[in-house]
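A.B. asks: The lines below spell out each chain.
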Amino acid sequence: MARLEAKTDVTGSVWKITTVVGQTLAPGDTVMLIESMKMEIPVIAEDGGTIKEFRFAEGESITEGEVVAILEG
Amino acid sequence: MSSETPAPSYFDATLRAYEERLAKALAMGGPAKLSRRKEAGVLNARERIAYLCDPGTFIESGLFGTSGTFPADRDKTPADGKIAGFGKINQREAGLVANDFTVMGSSSGATNGRKIGHMKRVATQRGIPLVFLGESSGARMPDTMGARGMGSLLGNDGMQYQRMREIPWASATLGLSYGSSSWYAALSDFSVMRKGAVLAVSSPLLASLAIGEKVDPEELGGWRLHSEVTGLADMVVDTDEQALDAIKVFLSYLPSHHNEAPPVRAVPAGSGEGMRDIVNLLPPSRTQVYDVRKVVRTLVDKDSFFELKPRFGKVGVTGLARLDGRTVGILANNPLVKGGALDTDACEKFTSFLVLCDSFNIPIVMFVDTPGFVIGTDAERKRAPGKIMNMMNALSLMTVPKLSVILRKTYGQAYLNMGGGRNSDEVAAWPTAEISFMDSRFAVRVVHGLEPGEAGFDEALAQMDRENEVWDAASIFAVQSVIRPHETRDYLIRMLEVHQSRLTKEVGQHLMRAWPTSF
Numbered sequence: 072m073a074r075l076e077a078k079t080d081v082t083g084s085v086w087k088i089t090t091v092v093g094q095t096l097a098p099g100d101t102v103m104l105i106e107s108m109k110m111e112i113p114v115i116a117e118d119g120g121t122i123k124e125f126r127f128a129e130g131e132s133i134t135e136g137e138v139v140a141i142l143e144g
Numbered sequence: 003m004s005s006e007t008p009a010p011s012y013f014d015a016t017l018r019a020y021e022e023r024l025a026k027a028l029a030m031g032g033p034a035k036l037s038r039r040k041e042a043g044v045l046n047a048r049e050r051i052a053y054l055c056d057p058g059t060f061i062e063s064g065l066f067g068t069s070g071t072f073p074a075d076r077d078k079t080p081a082d083g084k085i086a087g088f089g090k091i092n093q094r095e096a097g098l099v100a101n102d103f104t105v106m107g108s109s110s111g112a113t114n115g116r117k118i119g120h121m122k123r124v125a126t127q128r129g130i131p132l133v134f135l136g137e138s139s140g141a142r143m144p145d146t147m148g149a150r151g152m153g154s155l156l157g158n159d160g161m162q163y164q165r166m167r168e169i170p171w172a173s174a175t176l177g178l179s180y181g182s183s184s185w186y187a188a189l190s191d192f193s194v195m196r197k198g199a200v201l202a203v204s205s206p207l208l209a210s211l212a213i214g215e216k217v218d219p220e221e222l223g224g225w226r227l228h229s230e231v232t233g234l235a236d237m238v239v240d241t242d243e244q245a246l247d248a249i250k251v252f253l254s255y256l257p258s259h260h261n262e263a264p265p266v267r268a269v270p271a272g273s274g275e276g277m278r279d280i281v282n283l284l285p286p287s288r289t290q291v292y293d294v295r296k297v298v299r300t301l302v303d304k305d306s307f308f309e310l311k312p313r314f315g316k317v318g319v320t321g322l323a324r325l326d327g328r329t330v331g332i333l334a335n336n337p338l339v340k341g342g343a344l345d346t347d348a349c350e351k352f353t354s355f356l357v358l359c360d361s362f363n364i365p366i367v368m369f370v371d372t373p374g375f376v377i378g379t380d381a382e383r384k385r386a387p388g389k390i391m392n393m394m395n396a397l398s399l400m401t402v403p404k405l406s407v408i409l410r411k412t413y414g415q416a417y418l419n420m421g422g423g424r425n426s427d428e429v430a431a432w433p434t435a436e437i438s439f440m441d442s443r444f445a446v447r448v449v450h451g452l453e454p455g456e457a458g459f460d461e462a463l464a465q466m467d468r469e470n471e472v473w474d475a476a477s478i479f480a481v482q483s484v485i486r487p488h489e490t491r492d493y494l495i496r497m498l499e500v501h502q503s504r505l506t507k508e509v510g511q512h513l514m515r516a517w518p519t520s521f
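These protein sequence lines are chains A and B, in that order.
The first sequence begins at 72 in the working numbering and counts up by one.
The second sequence begins at 3 in the working numbering and counts up by one.
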């Protein structure tokens, strides 16, 4: 099992966490939604995997490139 | 070729000696090395050629070549570690160079350098694609050591790294690839990489010696680096077979050389079947995003979208596809990533793709939905003005047909970079399109000095939104067609037919054929 990181492509704030710890995602699934540039931009689990932890809560600010969740897959 | 047993002759002894030499040449690096590869699930160089070529079509050039630098190496270097020849890939002729890592790590030597030079000359003169199956330890040592070694081995072919795109080059990185096999991957029009392979200037050992710290091979040149950060890998796969299949598919979209149109294929059943619902791929709210690749896959011939660099510059989507059986290059903004705002990686990705399409007579279709360019200090440090203008210049220099379809928003300079105005042969728009210099929510602040919540903000915003609708652009012929979304496939097929370059038999001027694409 490899440790995988889901990173945000944009600076903004966490608008909605659409998954839960323990949930298994397919490649390309959305982990959470970021509000940025007046849009709802998803953080994608490129390789899929099972969510182990979230690094941010809803409403918190995040910067481009930050890891928002750790997955295992 | 005939495999009949020859009649007895006076030359039997000579012919037996020939067979012995042949067996030795075909033995590669010997059974021990070959079985280690088999156990690891990796094909050897000859198996790769057999997989890639139509059965019985491979004809080798330089089978009896060996190292000529040191006499002691002569018997240890079958084919001098690089197997070269010609074969048919899906019934079309191609030149091949397959590195045999079991022979001195497929290091570059004098004889195999001559073989590669020959392949490049013949492929270019005869108009056939060239395929490199890369896996190499770099320049052969000690052959290249010292002033005499350097003078005699390297730099004796002034055309070695010249790229004029007369013919397509495709490359697979299938193992440790240092030196020449990395150079050819970087110079190729298509570069596929197998997971576990490493593509770098030199080995981790040499890199560690140079910088005095331990270097991890994956970090130095692994698939993640080249698919996500450098963009040097157009595609990543899990196995050798998948890499070779990818090369077959890539070449199926391209002409054999730059003086002919790409091949035409039959249209698969079911093409266009999702068109009725295509508008529903757009989310109802302009604040929501979507994956433009679903729109692309619905529009083009069924299962024909062959995406390039899917993990690099992801705000932009590039790929080859077919419309009515004809090859087209697709460029699209992807709102799913950064809302579709174009960044410097996407500009590079678009630029290199425009060079590919223009060099090989492939018309392009752009799907537009972008709020503009990513701006700010980070973008400027990444030379955003240079990257934006490289892309713009590439688009301006194209002589193949170029069509654009505005799906939703297109603002500012990005409107031009995505084919707006006279930067396409035809601009079409869906009724959902918005065109302006910037998003009206920002423009109200700049133009009227109003903040959200202040009196007059909502009215000013509504007025600007109305002015951004496509109809004003259509009324002054800045947009040539406003089309029903579900008729977009038919529109594109018909418009590509109209814009066929009949005067030159669908061959463009190739003004960017010498442009670097991995700058």
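These are computed hints drawn from the structure, not numbers from a lab.
Mixed in with the good hints there might be a few duds.
Said to hold, decoys possible - Negatives, chain A to chain B, calculated, CB over 10 Å:
| # | residue |
| --- | --- |
| 1 | K109 |
| 2 | P113 |
| 3 | F125 |
| 4 | G130 |
| 5 | E137 |
| 6 | G144 |
To be verified - In the DSS-like style, the derived pairs of lysine-lysine whose C-alpha atoms are separated by at most 30 Å in a straight line are:
| # | chain 1 | residue 1 | chain 2 | residue 2 |
| --- | --- | --- | --- | --- |
| 7 | B | K90 | B | K304 |
| 8 | B | K384 | A | K109 |
| 9 | B | K316 | A | K109 |
| 10 | B | K122 | A | K78 |
| 11 | B | K304 | B | K316 |
| 12 | B | K296 | A | K87 |
Idealized CB from N, CA, C, for every residue including glycine.
A.B. asks: Next step is simple, just say for each hint if it's right about the structure.
C.D. replies: So, going through the hints one by one against the coordinates:
1. Not every CB of chain B is more than 10 Å from the CB of K109(A) (nearest about 6 Å), against its label as outside the interface.
2. Taking the minimum C-beta to C-beta distance to chain B, about 7 Å, the non-interface status of P113(A) is violated against the 10 Å cut.
3. Listed as outside the interface, F125(A) is consistent with that label: its C-beta sits roughly 21 Å from the nearest C-beta of chain B, beyond the 10 Å cut-off.
4. Distance check on G130(A): its Cβ is at least 17 Å (rounded) from any Cβ of chain B, clearing the 10 Å threshold; non-interface status holds.
5. Look at E137(A): its CB is around 14 Å from the nearest CB on chain B, clear of 10 Å, so calling it non-interface holds up.
6. Listed as outside the interface, G144(A) is consistent with that label: its C-beta sits roughly 14 Å from the nearest C-beta of chain B, beyond the 10 Å cut-off.
7. Simply put, K90(B) and K304(B) have alpha-carbon atoms about 26 Å apart, close enough for the 30 Å limit, and the pair holds.
8. Distance restraint check for K384(B) and K109(A): the Cα-Cα separation of roughly 24 Å lies within the 30 Å cut-off, and the hinted pair is therefore satisfied.
9. Note on K316(B) and K109(A): the hinted pairing holds, with a Cα-Cα distance of about 20 Å set against a maximum of 30 Å.
10. Using a Cα cut-off of 30 Å, the hinted pair K122(B) and K78(A) is violated, with the two alpha carbons roughly 43 Å apart.
11. Taken as a hint, the K304(B) and K316(B) pair is honoured in the structure, with Cα atoms around 23 Å apart against an allowance of 30 Å.
12. For a cut-off of 30 Å, the pair hint linking K296(B) to K87(A) stands: about 24 Å separates their Cα positions.
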